[in-house]
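*Asks:* Model the full assembly from the supplied sequences, consistent with the hints where possible.
As given, the protein sequences belong to chains A and B, one line each in that order. Just so you know, we're using numbering that gives the first Met the number 0 here: the first sequence kicks off at 0 and counts up by one. Just so you know, we're using numbering that gives the first Met the number 0 here: the second sequence kicks off at 0 and counts up by one.
For the record, the hints were derived by calculation from the structure and aren't laboratory data. All C-beta atoms, glycine included, are put in the ideal place defined by N, C-alpha and C.
For lysine-lysine, the following DSS-like pairs were computed, each having C-alpha atoms within a straight-line distance of at most 30 Å:
| id | chain 1 | residue 1 | chain 2 | residue 2 |
| --- | --- | --- | --- | --- |
| 1 | A | LYS36 | B | LYS404 |
| 2 | A | LYS160 | A | LYS300 |
| 3 | A | LYS102 | B | LYS404 |
| 4 | B | LYS376 | A | LYS36 |
| 5 | B | LYS16 | A | LYS36 |
From the structure, some residues in chain B lie toward chain A, with a derived Cβ separation under 7 Å:
| id | residue |
| --- | --- |
| 6 | ILE2 |
| 7 | ILE364 |
| 8 | GLY366 |
| 9 | TRP367 |
| 10 | GLY384 |
| 11 | ARG393 |
| 12 | ALA397 |
| 13 | PHE405 |
| 14 | GLY406 |
There are 2 protein chains.
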Amino acid sequence: MNIDSVYSGLTLAPKGKLALVVMDGLGDLAVAQYGFKTPLEAARTPNLDQLARQGSQGRMIPVAPGITPGSGPGHLGLFGYDPLEFQVGRGVIEALGLGLELKAGDIAARANFCTLDEDGIVTDRRAGRIETDVCEELCSLLSSSIQFLEDGTQVIISPGKGHRFVVIFRGLGMEGPISDADPNREGKKIPAASPIDPSSAAQTKAANNIREFYQKALPLLVGRQPANGFLMRGIAHQPAIPLFQERYTLKPACIAIYPMYKGLAQLVGMSKIEGAHSIAEELELCAKHWDEFDYFFIHFKDTDMHGEDGNFDAKVKAIETLDAALPILLNKNPEVLAITGDHSTPCAVAGHSWHPQPVLLNSPISGWDGLDRFTEKNANSGSLGIFEARYLIRHMQANAKMFDKFGA
Amino acid sequence: MNIDSVYSGLTLAPKGKLALVVMDGLGDLAVAQYGFKTPLEAARTPNLDQLARQGSQGRMIPVAPGITPGSGPGHLGLFGYDPLEFQVGRGVIEALGLGLELKAGDIAARANFCTLDEDGIVTDRRAGRIETDVCEELCSLLSSSIQFLEDGTQVIISPGKGHRFVVIFRGLGMEGPISDADPNREGKKIPAASPIDPSSAAQTKAANNIREFYQKALPLLVGRQPANGFLMRGIAHQPAIPLFQERYTLKPACIAIYPMYKGLAQLVGMSKIEGAHSIAEELELCAKHWDEFDYFFIHFKDTDMHGEDGNFDAKVKAIETLDAALPILLNKNPEVLAITGDHSTPCAVAGHSWHPQPVLLNSPISGWDGLDRFTEKNANSGSLGIFEARYLIRHMQANAKMFDKFGA
Numbered sequence: 000m001n002i003d004s005v006y007s008g009l010t011l012a013p014k015g016k017l018a019l020v021v022m023d024g025l026g027d028l029a030v031a032q033y034g035f036k037t038p039l040e041a042a043r044t045p046n047l048d049q050l051a052r053q054g055s056q057g058r059m060i061p062v063a064p065g066i067t068p069g070s071g072p073g074h075l076g077l078f079g080y081d082p083l084e085f086q087v088g089r090g091v092i093e094a095l096g097l098g099l100e101l102k103a104g105d106i107a108a109r110a111n112f113c114t115l116d117e118d119g120i121v122t123d124r125r126a127g128r129i130e131t132d133v134c135e136e137l138c139s140l141l142s143s144s145i146q147f148l149e150d151g152t153q154v155i156i157s158p159g160k161g162h163r164f165v166v167i168f169r170g171l172g173m174e175g176p177i178s179d180a181d182p183n184r185e186g187k188k189i190p191a192a193s194p195i196d197p198s199s200a201a202q203t204k205a206a207n208n209i210r211e212f213y214q215k216a217l218p219l220l221v222g223r224q225p226a227n228g229f230l231m232r233g234i235a236h237q238p239a240i241p242l243f244q245e246r247y248t249l250k251p252a253c254i255a256i257y258p259m260y261k262g263l264a265q266l267v268g269m270s271k272i273e274g275a276h277s278i279a280e281e282l283e284l285c286a287k288h289w290d291e292f293d294y295f296f297i298h299f300k301d302t303d304m305h306g307e308d309g310n311f312d313a314k315v316k317a318i319e320t321l322d323a324a325l326p327i328l329l330n331k332n333p334e335v336l337a338i339t340g341d342h343s344t345p346c347a348v349a350g351h352s353w354h355p356q357p358v359l360l361n362s363p364i365s366g367w368d369g370l371d372r373f374t375e376k377n378a379n380s381g382s383l384g385i386f387e388a389r390y391l392i393r394h395m396q397a398n399a400k401m402f403d404k405f406g407a
Numbered sequence: 000m001n002i003d004s005v006y007s008g009l010t011l012a013p014k015g016k017l018a019l020v021v022m023d024g025l026g027d028l029a030v031a032q033y034g035f036k037t038p039l040e041a042a043r044t045p046n047l048d049q050l051a052r053q054g055s056q057g058r059m060i061p062v063a064p065g066i067t068p069g070s071g072p073g074h075l076g077l078f079g080y081d082p083l084e085f086q087v088g089r090g091v092i093e094a095l096g097l098g099l100e101l102k103a104g105d106i107a108a109r110a111n112f113c114t115l116d117e118d119g120i121v122t123d124r125r126a127g128r129i130e131t132d133v134c135e136e137l138c139s140l141l142s143s144s145i146q147f148l149e150d151g152t153q154v155i156i157s158p159g160k161g162h163r164f165v166v167i168f169r170g171l172g173m174e175g176p177i178s179d180a181d182p183n184r185e186g187k188k189i190p191a192a193s194p195i196d197p198s199s200a201a202q203t204k205a206a207n208n209i210r211e212f213y214q215k216a217l218p219l220l221v222g223r224q225p226a227n228g229f230l231m232r233g234i235a236h237q238p239a240i241p242l243f244q245e246r247y248t249l250k251p252a253c254i255a256i257y258p259m260y261k262g263l264a265q266l267v268g269m270s271k272i273e274g275a276h277s278i279a280e281e282l283e284l285c286a287k288h289w290d291e292f293d294y295f296f297i298h299f300k301d302t303d304m305h306g307e308d309g310n311f312d313a314k315v316k317a318i319e320t321l322d323a324a325l326p327i328l329l330n331k332n333p334e335v336l337a338i339t340g341d342h343s344t345p346c347a348v349a350g351h352s353w354h355p356q357p358v359l360l361n362s363p364i365s366g367w368d369g370l371d372r373f374t375e376k377n378a379n380s381g382s383l384g385i386f387e388a389r390y391l392i393r394h395m396q397a398n399a400k401m402f403d404k405f406g407a
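*Replies:* In structure tokens form, the structure reads like this:
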């Protein structure tokens, strides 16, 4: 029994608008170092408090117990896609992070320039960390000479920061994953890209195209210093993911500032509303386009950024900034509002973690859990319990009265 | 998608040592009979309190809602093996309980002497509950005459307490389960052991060997009173279980006093550290061998024993004894410490039960749940929630920073 098909079979038209505010990396830990308080506990959050006094809380397992997600699995879960079923390769995530538009079936690779000696041995995996403008120049050089491979596959080369770039192969009949064209340490030659499953014709075709690309590209870099070679890793195809709108019967929009999150939304077919530079501007854009969509995904990056830096005070302040901007959204009176993270980024970890992120869910029929603030501890005893993040969209749909009764 | 293979693919070397303290049958119930307090609530536990004031709590479902586990499934769950997938037959558990060393593929049966009349009808299933020394004498009699069967299968007979003994068949190509050679009531003949799945050659071979054993053994008992026959039940093979060390990349040690728990640890390949006679001695042994292993399983029996007896005060005292000994372990500063039971043994039940056992998990990144003591009620609102016991090891590994990020 596929539970998604059960939900689909029960789906009705939404009552009102649904909004998901993702405070990236929101969840945190109470540890001695920060006075046994979490940033949510330490922050002054009058608007979140007001929502907590009318709403329900819980905590969400992003993937599975103990598993720390990257941004890709974290967001796919929030969008209702099981991150273990819909895995997105690193090359694809990297391309999304550069704001590149991928199509289903595109092969994407993370690449970086490196230094080779006369025997083809990698002597510096990062080519002395060349400046971004040098990387851009080298990418232009490659792009101008190589646009297509012999089987008609299109090659798209896009520079990133420093020595990093991305290569996309757009053609028919290719699939990942492909082994790295990267020895992963210095002192060895670049290994040829190979299919992970040699019996797969689609992987073999993709690997052959990558080899052909190497044969065409390496001669163009001969004599360059320090970047006379390049490595490719995380070579994967953009998976076919069921479209959000078809899956949930909700017309979705994404409002984000960073390309990675726009890219992840685009993976599931969300429309992008562009132009914001702050959370207040994001929420104003949301209000402006309120009538055009049923579901809004609004991404707030700062909580994650400061968690990664282990900067407790800055994370507190980021939460307060979001809280202060919230009335712009609340004035539109969403039928269902969910506020959560895509995972935890505890200051004590200074990185993503597996600790279930707290979630606050408000609707006229969410009920109140008797809790006065939205915090990790309160969320532990909320009515939503601790559940897998991929069910959040189902809670949101249920609160928008989108599910018919199951059985008589 | 096999979740265990996902964990394996992300596994890194552990940061520091992991310790699991199992207070057997720890969980209990607040009922009128005992003043609506549980033993954990009634006990004076300064060391557990201190751990609670820095740690996270939750409750664990040993197998599935409402299912009461035996010691086998209870411990396999704690070791991270789904007890529904890895089922260990009663014969195997009984053999482990006698301290017998089993090999993968061994067939083990619980057996007991009985009384038969001249027509072979069972008249007393326990042969008048003969004394242990009589049982030992009869086992010697059988062992001295029957060491091998016709196909070369070795027979190992080992006496237990009273009328009970265990028979192990060690040979090639055999598998359980085999139907009981036991009518399960008096007034009937002993049925022949048969393969549960008659199409299984391995089960058929095992059943035939058990029949041959009966043909050789029963004549040796003719004329004995009151034990002139025997019954065999729970006939099963030792299953092949993936080794703990390979599965988790952790070198494990078991410190237990009772043979059953050493046997269960041995099933998954743990090394045994022997010689303790009290929980304090167990923890001292642990400290002494601290540098030799990554993971320590420390088993404490008394909580279960007193729960089985419905002896509330003795269970409280057992908890206090463990609490007093804890500093021996805490002084070694384990990176990750989990304290829990393998199941609940509530005094009001006077036996194992299905009620989720409380768990306390401490590490520098476990976070604090705002709870001042480790109790069943507090565990209900802990950040770990209520989860299947087989995920405890994954929480422990995550807290030891043993998992790489999933996805980019």
